[in-house]
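Residues per chain are reported as follows:
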Amino acid sequence: MSRRRRRKAEEKLFTWLMRLSLLGAACVLGLILFTIFWRGVGALSWEMISQTPQGGFYLGKGGGILNAIVGSLYLGAGATLLALCIAVPVVLYLHTYAADSRIRNGVRLALDIMWGIPSIVYGAFGFSLMVFLGLRASLLAGIITLALVVLPILARTLDEVVEMTPRQLREATLALGATRFEWMGVLLRQSIPGLVTAILLAFGRGIGDAASVLFTAGYTDNMPQSLLRPVASLPLAVFFQLSTPFPEVQARAYASALVLTVLILVISLLAHLSMARLGRHVIR
Amino acid sequence: MEAIRDTSLVRRTGVLPRRSGCRLSLRRAALDWAAHRFSASTAVVAAVLVIGIGVALLARSRPLLDVYSLRELLLGQVWLPSQGLFGFAPFIAGSLVVTAVAMALAVAPAILSGIYLAEYVTARTRTALKPVIDLLVGIPSVVYGLWGVLFIVPLVRDHLSPWADRTLGQSIPFFSRTNPSGYGLLAAGFVLAVMVFPLIAAVTEEVMRSVPREMREALLSLGATRWETTKAIVRHAGLPGILAAIVLGFSRAFGETLAVMMTVGNVARMPRSIFDPAYPLPALIANNYGEMMSVPLYESALMSAALFLLVVVVVFNAGARLAVERLVRKGAA
Numbered sequence: 001m002s003r004r005r006r007r008k009a010e011e012k013l014f015t016w017l018m019r020l021s022l023l024g025a026a027c028v029l030g031l032i033l034f035t036i037f038w039r040g041v042g043a044l045s046w047e048m049i050s051q052t053p054q055g056g057f058y059l060g061k062g063g064g065i066l067n068a069i070v071g072s073l074y075l076g077a078g079a080t081l082l083a084l085c086i087a088v089p090v091v092l093y094l095h096t097y098a099a100d101s102r103i104r105n106g107v108r109l110a111l112d113i114m115w116g117i118p119s120i121v122y123g124a125f126g127f128s129l130m131v132f133l134g135l136r137a138s139l140l141a142g143i144i145t146l147a148l149v150v151l152p153i154l155a156r157t158l159d160e161v162v163e164m165t166p167r168q169l170r171e172a173t174l175a176l177g178a179t180r181f182e183w184m185g186v187l188l189r190q191s192i193p194g195l196v197t198a199i200l201l202a203f204g205r206g207i208g209d210a211a212s213v214l215f216t217a218g219y220t221d222n223m224p225q226s227l228l229r230p231v232a233s234l235p236l237a238v239f240f241q242l243s244t245p246f247p248e249v250q251a252r253a254y255a256s257a258l259v260l261t262v263l264i265l266v267i268s269l270l271a272h273l274s275m276a277r278l279g280r281h282v283i284r
Numbered sequence: 001m002e003a004i005r006d007t008s009l010v011r012r013t014g015v016l017p018r019r020s021g022c023r024l025s026l027r028r029a030a031l032d033w034a035a036h037r038f039s040a041s042t043a044v045v046a047a048v049l050v051i052g053i054g055v056a057l058l059a060r061s062r063p064l065l066d067v068y069s070l071r072e073l074l075l076g077q078v079w080l081p082s083q084g085l086f087g088f089a090p091f092i093a094g095s096l097v098v099t100a101v102a103m104a105l106a107v108a109p110a111i112l113s114g115i116y117l118a119e120y121v122t123a124r125t126r127t128a129l130k131p132v133i134d135l136l137v138g139i140p141s142v143v144y145g146l147w148g149v150l151f152i153v154p155l156v157r158d159h160l161s162p163w164a165d166r167t168l169g170q171s172i173p174f175f176s177r178t179n180p181s182g183y184g185l186l187a188a189g190f191v192l193a194v195m196v197f198p199l200i201a202a203v204t205e206e207v208m209r210s211v212p213r214e215m216r217e218a219l220l221s222l223g224a225t226r227w228e229t230t231k232a233i234v235r236h237a238g239l240p241g242i243l244a245a246i247v248l249g250f251s252r253a254f255g256e257t258l259a260v261m262m263t264v265g266n267v268a269r270m271p272r273s274i275f276d277p278a279y280p281l282p283a284l285i286a287n288n289y290g291e292m293m294s295v296p297l298y299e300s301a302l303m304s305a306a307l308f309l310l311v312v313v314v315v316f317n318a319g320a321r322l323a324v325e326r327l328v329r330k331g332a333a
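Going down the list, the sequences are from chains A and B. Each residue of the first sequence is one higher than the one before, counting from 1 in this note's numbering. Each residue of the second sequence is one higher than the one before, counting from 1 in this note's numbering.
Because the hints were derived from the structure by calculation, they are not lab data. It is possible that some hints are incorrect.
As the list claims (entries may be wrong) - With a straight-line cut-off of 30 angstroms between C-alpha atoms, the simulated BS3-like cross-links for lysine-lysine are:
no., chain 1, residue 1, chain 2, residue 2
1, A, K61, B, K130
2, A, K8, B, K231
3, B, K231, B, K130
4, A, K61, B, K231
5, B, K231, A, K12
Stated by the list, open to error - Quick list of simulated restraints, FRET-style, between CB atoms:
no., chain 1, residue 1, chain 2, residue 2, range
6, B, S69, A, F132, 38 to 44 angstroms
7, B, A89, A, R4, 54 to 60 angstroms
8, B, R28, A, L273, 34 to 40 angstroms
9, A, F34, B, L80, 40 to 46 angstroms
10, B, S82, A, T244, 55 to 61 angstroms
11, B, A104, A, R4, 31 to 37 angstroms
12, B, D165, A, A77, 47 to 53 angstroms
13, A, Q225, B, L26, 16 to 22 angstroms
14, A, G60, B, D158, 23 to 29 angstroms
15, A, N105, B, M215, 23 to 29 angstroms
The beta carbon of each residue, even a glycine, is placed where N, CA and C say it ideally should be.
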């Protein structure tokens, strides 16, 4: 074979290999969604999502997982709010007061490292914090631990959005005599679409994370009532129902997973749309 | 002044020149000062959180580390907390092998996908393909685990393991069918591979896109094919970044808990075959939380496991991130 033809063949081969691997990933994604939908739909009923577990729920008797759905929403929302209180000032600080300093790289590195820490480690840390503070497994402890998990996601996503604001905006703002605090306000307004996306991403992650709430939020069959009581969550509902030996209860795990997946898909879709829609008013 | 007031920039940003004088009012100065202090302190909190987590876990694992030497813990083969035996070796081996299986399956396709997204497609196709990666990132761990139980485990049990046993298993013990259940290293490794794929692909894509355009243009104008251009870019500019992507994927897989725990079988034994069940560290922590209070040093042992995970992941992550950052900065300059 001539050299030219060999080069062409190599080009073709690798192009197809690349397409194949992306296609493979897309197929696996489809397969996951299909498996979850197909197995979940059969067990899903109105009762499942509108009732709390009745007596003997884990033996196959009646009831639903409303406690876990509401609990997950509380956990996700609480954690996102708490993380927001730290992430927004940090990110704005990095772009205003620390705009040209080396602190910026240090904080970014710390956040990146936090992003990589497994949620089970946060769970263990949250547990040791609970012991230290004398707390029991509760909604509050779960929210605090989960906030640590979502903080780097929120902060780094927001950071990238603020990074994209044009440099001229900074010059114009400061040239008009604004203080750096007022400049923060300008940056925040500019990055609201990104903020919404970041919040949705963090919320989705908070709902789906199980390892961090396993020891800190506990589990209960009741609806969440107080910050200091244990609370149920959807991922743990899936996990616990799946580990029972009864097929009827395992089928409920499939339905719970379907509810969780649909929630996550809706949140991803909203994040996608929010970026496109809210972005119209941003100066680029 | 009027001219400035009218520009849309001023209207849309909400910043208006208040008076013609330049002196800050006391109120604005005070607000600025307070905002500076407050935001700086939140940044400090965020930066030292990692250290705080390490210190807290170290404090909780001290009781165990005071009694046993590191050597005993890391190389000990027997795990019997009720008799005071805390050997982490089977768990560390389980974690390493399951992660290695996942990486072996995921690395090549993920890097090829990342390169494809960065080098071969138009912006439009990219926006169409990107959701595949984003959705794979977004699916919760427990859903991956359930998919593993419903799809991968039966696949391994009924098809892959009998087939591997017939063909390779006779000569290579690593592929012999040691476990009829299907729950084991291969099943968990496959699920993990799907979970780390989007991470590696996304980092690879980011790294490749940070390579300056001129380099590509120079190579293409010399008559190189696209793949030859890609190879040259990877060799001369992208390699550290792609290695970093692999390291990031590795550390993500190393700490993954629920999906692995649901599919790996959870038997504390040194793995001998790819179909063996194993018991990785995160599963150890997650599974034994309920009963740990009753046995002395048990809690401390689980905290040591968490500390070990933290140290491995932080070292790997910090190294990889620093490498990526250096590369991206070099590309931007």
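Going through the hints against the structure:
no., hint, in the structure
1, A/K61 x B/K130, "violated (43 angstroms)"
2, A/K8 x B/K231, "holds (14 angstroms)"
3, B/K231 x B/K130, "holds (23 angstroms)"
4, A/K61 x B/K231, "violated (60 angstroms)"
5, B/K231 x A/K12, "holds (14 angstroms)"
6, B/S69 x A/F132: 38 to 44 angstroms, "violated (27 angstroms)"
7, B/A89 x A/R4: 54 to 60 angstroms, "holds (55 angstroms)"
8, B/R28 x A/L273: 34 to 40 angstroms, "holds (38 angstroms)"
9, A/F34 x B/L80: 40 to 46 angstroms, "holds (44 angstroms)"
10, B/S82 x A/T244: 55 to 61 angstroms, "violated (26 angstroms)"
11, B/A104 x A/R4: 31 to 37 angstroms, "holds (35 angstroms)"
12, B/D165 x A/A77: 47 to 53 angstroms, "holds (50 angstroms)"
13, A/Q225 x B/L26: 16 to 22 angstroms, "violated (47 angstroms)"
14, A/G60 x B/D158: 23 to 29 angstroms, "holds (27 angstroms)"
15, A/N105 x B/M215: 23 to 29 angstroms, "holds (25 angstroms)"
The structure does not agree with the numbered hints 1, 4, 6, 10 and 13 stated previously, though it agrees with the rest.
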